[in-house]
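Same order as they appear, the protein sequences are chains Z and R.
Under the numbering used here, the first residue of the first sequence is numbered -6, with each subsequent residue one higher.
Under the numbering used here, the first residue of the second sequence is numbered 2, with each subsequent residue one higher.
Source of the hints: derived by calculation from the structure; they are not laboratory data.
This structure is a prediction, so every number in the text was calculated from the model and none was measured.
Heads up, none of these hints are tricks.
Cross-link-like lysine to any residue pairs, in silico, SDA-like; alpha carbons within 25 Å at most:
1. Z:61 <-> R:98
2. R:58 <-> Z:24
3. R:79 <-> Z:34
4. R:58 <-> Z:38
5. Z:64 <-> R:45
6. R:12 <-> Z:34
7. R:58 <-> Z:21
8. R:58 <-> Z:90
9. Z:-2 <-> R:61
10. R:12 <-> Z:38
11. R:12 <-> Z:32
12. Z:49 <-> Z:62
13. Z:49 <-> R:98
14. Z:-2 <-> R:90
15. R:58 <-> Z:25
16. Z:64 <-> Z:24
17. Z:61 <-> Z:21
18. Z:49 <-> R:103
19. Z:49 <-> R:100
20. Z:-2 <-> Z:42
21. Z:49 <-> R:99
22. R:58 <-> Z:91
23. Z:-2 <-> R:99
24. Z:61 <-> R:45
25. R:15 <-> R:63
26. Z:-2 <-> R:89
Output of the computed footprint for chain R on chain Z, the stretches with three or more beta carbons under 8 Å from beta carbons of chain R:
27. 31 to 37
28. 89 to 96
Just the calculated beta-carbon pair ranges, DEER-fashion:
29. R:17 <-> Z:63: 42 to 52 Å
30. Z:88 <-> R:72: 26 to 36 Å
31. R:98 <-> Z:69: 17 to 27 Å
32. Z:5 <-> R:75: 35 to 45 Å
33. Z:63 <-> R:52: 32 to 42 Å
For every residue, glycine included, the Cβ atom is placed at its ideal position computed from N, Cα and C.
Given next are the chains, with one letter for each unit.
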Amino acid sequence: DQQVKQNSPSLSVQEGRISILNCDYTNSMFDYFLWYKKYPAEGPTFLISISSIKDKNEDGRFTVFLNKSAKHLSLHIVPSQPGDSAVYFCAASAAGNNRKLIWGLGTSLAVNP
Amino acid sequence: GAGVSQSPRYKVAKRGQDVALRCDPISGHVSLFWYQQALGQGPEFLTYFQNEAQLDKSGLPSDRFFAERPEGSVSTLKIQRTQQEDSAVYLCASSYDRIEQFFGPGTRLTVL
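Bound-form chain R, shown alone (with noise of 0.2 Å):
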């Protein structure tokens, strides 16, 4: 079956502007995690999703940081006003029972 699917999968932006990140879950999973990686380092958690809700969101950086899943499926990770620092892998996992959790490829954010 598919697995979980991430576009694009690379995004430059300069300092400031706004970006969309999405992820396509793997069909029939209800939960969605979001994660950081920046260069050299392990992921970090950014949210949580059950279906439609964000049950959690105690990662996300700043409130530049916004993610949504409106319908319980396909999820968008948005980042306003980006700095160098947002800079990372931003990687989207999905779960049928939350323990073992299937990635996706990620997209890697570059900030000029």
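Chain Z extracted, bound-state conformation (with noise of 0.2 Å):
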């Protein structure tokens, strides 16, 4: 059973326009959230992250939104760049397991020109 779950396995938006990437998940024990890139052949690159004590963490175009009442986090960027299409996951860890990350299948964003 998908613990984290990515519902969309791929978006596709045109460059200067907002993407919205969207990650569920079950376990309530989740304290940490992560989206990492993906290029191919590459290892996943680590963009941001944000404490389930908080709901918004910005990072210049990266801005993550945790809504905890519905087990819900969504990553926005914005503008969109061509060099911004790859393969997102979102990823989930828990203080009491290790910090083992827990990974969504991933959704493959297009920023076209």
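Build the complex from these two chains, which are given one at a time in their own frames, with help from the hints.
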């Protein structure tokens, strides 16, 4: 049973517009959430994280929103750039579980010029 | 500074062969994780080290998988008697605080 779900396998947006990637989780013990970007033949690159005590974290063009009651988080990229085209993974961890990351299946983002 | 490095980047093994995959973490990172990523899937946890101690090996799929980190730095993931289902990308990550994990490029293992 998937504890972290990314229900959209792919997303296509125009350059300059907003990209919104969504993630849902089921385990209420998760207290840290991370977004990674992955290019083909490379390892995941850490983008941004959020603690469960916050509802928003921002870093440049990237903002992550957390809705604990809905067990939902989203990554906003504004403005989107062609170089953002990659697979984006949502991951979660819990303090009592050695912080092992539990991953979604990823969303492939294509930003069109 | 240098990131996490892994070697080899690609490995082809015949079924039944033993393989060893190496991970060099970021200097000073006490935590080291191994993950396995099958095609089209997210990574899945294999094992976790804090310094030289293997604190969690609950994700290792069978006793053919073995990991070590004898001096608390470089780690090796060994797979004995490889099977076709072991074909995957093996990712290593290191962390200072366990929360934000930084990944190497991975080793793509293909078992024929």
